[in-house]
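Residue numbers (full-length UniProt numbering): 1 to 265.
It should be emphasised that the hints constitute simulated quantities derived from the structure, not laboratory data.
Mixed in with the good hints, there may be bad ones.
Said to hold, decoys possible - Here are the simulated distance ranges between beta carbons: (1) D59 to I193: 36 to 42 Å; (2) Y222 to S247: 36 to 42 Å; (3) R190 to H226: 37 to 43 Å; (4) L204 to D59: 26 to 32 Å; (5) S155 to V69: 15 to 21 Å; (6) S97 to V56: 20 to 26 Å; (7) F250 to F203: 19 to 25 Å; (8) F157 to F203: 25 to 31 Å; (9) R153 to P100: 23 to 29 Å; (10) R153 to D65: 20 to 26 Å; (11) L125 to K38: 32 to 38 Å; (12) P122 to C70: 53 to 59 Å; (13) A42 to F203: 25 to 31 Å; (14) T32 to I193: 17 to 23 Å.
To be verified - Calculated lysine-lysine pairs in the DSS-like style (CA-CA distance at most 27 Å, straight line): (15) K38 to K187; (16) K72 to K62; (17) K72 to K60.
Here a beta-carbon is modelled for each residue, glycine too, at the ideal position from N, C-alpha and C.
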Amino acid sequence: STTSTRRLIDRQSTVSLPYSTTVPLLPLLSFTSSSLVKASLAFPLSATVLAAAFAVLVDKRKLFDYYWVCEKVLLPSFSRIINLPLERTFWNLLILSHIPLRVLSLFLYYVKFRSSISSLRPSSLTSLALFLFLVAGAFDLAFLAALTVVGERESGFLHMIFFISFILSTVSFMAAHLLLTIRCGVKGRREMISFRLRLFLFFLLIISVAVLTMAFSLFQQYCVPHSYSTFACLEYCTIGMILIYHSTAFLDLDFTLELVNIGTE
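Start from the sequences, fold in the hints, and give me the full structure.
In structure tokens, the structure reads:
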């Protein structure tokens, strides 16, 4: 008889989970963390590019140089772009499709950190950081799905709440990620580049979100000229920074995942 299981091989730490050496292992499916990261980034990147392209080429009159609240808006927010039917179709399909891949990427990071933590002195801070990493990562994906499904046309208020929750979850996830990296140690040049880039993006994102929030408040409450365009521009920057942050997994992860067939006599 035969059974199937999954084997995880970390080429950095030579960890294998779980398999028996007394039975033959027949690979059914194998893929690397690099291909996983490429796929998980290709979906949101394609969604962003396609939505922006159709906004400029097809729905330009609906999005640019229109009057809203108290002034003409020269640059639309990305939330407004993905609220249009055509742009929304591509965005929803691709963003929701990439979430399972991100879940798997989160699991790989967990295996990596868990393996490193096992060789360290037990620490409540490290355990808390690992817990926050998983919980914030899960909420990050949940709120991303929620703000994708519930757009401005369904409920502007709920969309705003989900967006705020997504940003808070993302910042918490990044903070836990950085803390775990510090606790587990940075190994090699690739991880050092990744860590420095993530640290830079973390602080830049906090500044961007703070200014973005202030710009939106100034527009809504005082109609300060160009405040909405500033908000929209920073919204694009925020999306870009989050995508670049997650792309650092190319430098951090070096796994091979295999679905194997275990034969027994």
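Verification of the supplied hints:
1. D59 to I193: 36 to 42 Å: holds, 39 Å
2. Y222 to S247: 36 to 42 Å: The hinted range 36 to 42 Å holds for Y222 and S247, with Cβ atoms some 37 Å apart.
3. R190 to H226: 37 to 43 Å: Given a distance of about 41 Å, which is inside 37 to 43 Å, the answer is holds.
4. L204 to D59: 26 to 32 Å: holds, 30 Å
5. S155 to V69: 15 to 21 Å: Hint holds: Cβ distance 18 Å, inside 15 to 21 Å.
6. S97 to V56: 20 to 26 Å: Since the Cβ atoms of S97 and V56 sit about 24 Å apart, the hinted range of 20 to 26 Å holds.
7. F250 to F203: 19 to 25 Å: Cβ of F250 to Cβ of F203: about 21 Å, so the range 19 to 25 Å holds.
8. F157 to F203: 25 to 31 Å: At roughly 30 Å between Cβ atoms, F203 and F157 fall inside 25 to 31 Å, so the hint holds.
9. R153 to P100: 23 to 29 Å: holds, 26 Å
10. R153 to D65: 20 to 26 Å: Once the Cβ atoms are compared, 21 Å apart, the range 20 to 26 Å for D65 and R153 holds.
11. L125 to K38: 32 to 38 Å: holds, 33 Å
12. P122 to C70: 53 to 59 Å: This hint holds: roughly 57 Å between Cβ atoms.
13. A42 to F203: 25 to 31 Å: holds, 27 Å
14. T32 to I193: 17 to 23 Å: holds, 19 Å
15. K38 to K187: holds, 22 Å
16. K72 to K62: Answer holds: K72 to K62 is near 12 Å, not above 27 Å.
17. K72 to K60: holds, 14 Å
Violated hints are absent here; each numbered hint is respected by the structure.
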